[in-house]
Structure formats: C-alpha cells, structure tokens
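Engineer: Model the full assembly from the supplied sequences, consistent with the hints where possible.
The listed protein sequences correspond, in order, to chains A and B. Going by this note's numbering, the first residue of the first sequence is number 94, and it counts up by one from there. Going by this note's numbering, the first residue of the second sequence is number 1058, and it counts up by one from there.
Some hints could be false.
Just so you have them, the derived chain A footprint on chain B, three or more residues with Cβ under 8 Å [what the hints assert, rightly or not]: (1) 1141-1153; (2) 1184-1195; (3) 1228-1234.
What the hints contain is simulated information worked out from the structure, not anything from laboratory work. We put the CB at the ideal spot given by N, CA and C, even for glycine.
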Amino acid sequence: MTASIQPSTAAGVQYLLRLGDACLVLSHRISEWIGHAPILEEELALGNIALDLLGQSRALLTRAGQLGAGAGGNAFDEDQLAYLREERHYLNPVMMELPRGDFAFTQVRNLVAACWLLPMWTRLQASTDAEVAAIAAKAVKEVRYHQQHAAEWVVRLGDGTEESTRRMQDALRQIWPYVNELFAADAIDAAAEASGLGPAWSSLKPDWDAAIDEVLAEARLTRPQHTPHVYEGVRGVHSEHMGHLLTTMQSLQRSYPGGVW
Amino acid sequence: MSAAPLPDFHDHLAWLKTLAPVGPVGPRPEAGDAGPSDLGCGRLSAAWEVLSQVLDPEVPAVSLVELGIVRDLVETADGLEVVLTPTYSGCPATEAIEQNVRDALARFGTITVTMRRAPAWTTDWITDAGREKLRRYGIAPPGAVDAGQGVPIRIVRRHAAIACPRCGSAHTEQVSAFGSTACKAMYRCLACREPFEHFKPI
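Structural biologist: Pasting the structure below:
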C-alpha cells in the first residue's frame, strides 16, 4: 500500500515523534556528505554520526508507534513512520531540515544539535517510560562523541584563517533564527514534563547556553543577536526544503511499497 | 596498559593461524556431546560454549561473549532464549549478530533472541581476554570509561595517549575520532609509523 499514514495525536506520541524526527532528518542531512566530505576521515566521522542518529531515531519511532497503538490508534512500525507520513506529520524542528550547506554550516548545526541533545538524553534517562529511559542511556554516550567532534571543528575553523572564521561566523548567523524552536514550550511539551515522559524543552536552555558559549569563546566567534521569530516544525509547519528532502528519503518506499533489502 | 614487546611478522602470522576461522561459525564438533536431549545446566553451558565461539562480524577477533553483548541465556520449553544488547544505537551489525547466534544455536531447538537495551552496553564489559585479543588483532583496547564523561565539553587539542597495539609506544596521535565502524577511532603510531584502530570507551 502506498497510502500515507497518520500517526496518533496523543501528546506522548507527538513528543517522541518530535525528537525521533529531529534525529531522523538531521541524520539524513548529515548523510548527504557521503562522497563530498573534505577528507576521508571526516567522511567516516559524519557517516558514523548519521548512523548513531538514525539508530536513535529508529528506537524512538518504534516506541512512538507502540504508544500510539496503546492510545487507541493504529500500530505503526518504525518504517511506516519514517517513510509513509505526509510532510505535515513530520514534527522535527525546522533547523534539522535546512540544506546541508557548506562544511561550516554542517559543523555549526551539529554542535547546536549535540548541545541540545546531550541535556535532552541526560534528562530522558529518568523518563517514566522504561523503554525511553533505556534508549536515552545509550544515546547519551553517543552524543558526547558527536558534541566533542563538532566542538573541535568549530574551534579549529572559528579560530582559524580569515576565510574559515568568516564562514563560521556566517554559518552561525544563518542558523541562529532557528534556535528558538528548540526551546519553545507548548501543550505537548508541558504534558511530557507533567507525566514524566521527558523534559520540557525550555528547561534545556541553560545547559545549551553554557556549552555553546564555552565553545564560541574558545573559537573566538561572536554569538549572534537574538531573533524573535519561532519556527513551528514541531507542529508540522515546515520550510520549503522539507518536501524536497522527503521525496528523496521516501522515494524507495513510495515507488516499491514494502520493498526490503 | 603495559608495553608489549613488538611481535615480529612471523610471530604475528603464527598467532593469526591460532584464531578461530572468520565467517559463519557453527557449533564446534567437540561440543557435540551436549545437545537438545541433555538436561539442565549441561545444556546451558554447552550453549555458552558455542556462543563463546561466535565472533563479532565487525571485529572478528573477539567473540560475542567476550564483547559482553550476550547478557543472558535462558532455557525455554522447546529451546533457548538468548538475551543480547546492542552496542551502538545504529550499529548495522546488530541483525547479522542476531542471525549468527540463531545459526550457531540451531540444534538447541527454537531460539528466541531478545534485545535488551538496559542497562546500556559499555566497553567496561569487554573481558580481559577480549581486550588482549583486540590488542593482538591490532586494535588498541578501550580504557575504563571515564567517569568525567559527564563534564560539559572537553576542548582538547591533544588527546590522551593510547598505546600502540603493535609496538607498545605511547607516542601516538589520533587521526580521527571515528573509524571504519562506530565503535572505533583511528590513530597512528609515531614510533613504528603504523596506523591502528582504537576501540573507543563508551
């Protein structure tokens, strides 16, 4: 069947899909570097980071599908959730779907994402959902390596040549308007905090600020000015880039339904 | 890790021949006296013995048992339940490992494989014998998982010295924090000039 699916609108399911989709879509963007990375070692590194994120996403989408069935909806597996939703039902923050850009943009986004995911996974280890807590206990170890890796590139390029510094500062300027969404509060977020499923995203901001400021200072980069707009990818309102990304990501399952390796 | 003498090339070849064969690994013939008809712990220990011969598909120097990813083995009414834990969330070898376990234990009846995430796998579970096999295979084994991993970020321009698995020198440098598989980093030895891999502590 090529019919699209609609995931459960239960708050817990939506909360897990936001995080699972963030990992899935970021993984997809990072994997676009395969064949294009500046050096072979970095190609392997980006491939490994994308793989970790994909594994985390698979676990979260699986759990979201189970919770959706428990909430009275249809039981969907990870593949159905990854490949058969319409754009409006993907709940990743818009930042994750932005085109991969240049190497500076990729490393800045990876740092921003890792500094967000590290406190996220750390807190999720105490989730009242035992499966989510177990997923987090593994993921938190992986994201430390991702954060370390991105931070080293940001320092190396930020405190590098005139050209590399300019491009890093430019990448920061491009990504900054999308940061607000990572810490925005709404009813789904509040419900997760109340039920103990996971932290309210707004509560992750102090940890994120501290980590980012430390790296930017070491890299001699300037933190951009705060911008007011809050994107709404977590409610399915995406940028023009998302549809293009999905046509690539979904093409196999849409063309050959149920196809497996 | 103590510095080991540099094995010469022929020693290394001789040692390689002592390794279990790489590839699909079935029950060893000498384990043949234990089978589905055996009762109690004799059967379980025979199954453990079989699993201790099943090599990791990505690092075929150590067994699944030595890596610490076989968490439990339980007798069921008509076979065995094997409890495995994944190493990394996205490890692409997970399915291959599960299949190899099923193949190796086929004659023990119906094999149920259960994936258990918690507690999360750590390189601290790799046995001492497994670490020594890694080193002799050319992969620097992981140190103890650093309790300081919880610190926000370590901006390090130089990485802690990892001893070269070939010559034992600590005069080495990291080439990349990520290697050919998720679990390894790439290093080079500045003493013997050989590149090598390091099994990352996690």
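Engineer: Next, verify each hint and record whether it holds.
Structural biologist: A quick look at each hint next to the structure:
no.	hint	result
1	1141-1153	holds (count 6)
2	1184-1195	violated (count 0)
3	1228-1234	holds (count 3)
Consistency with the previously given hints fails for number 2 only.
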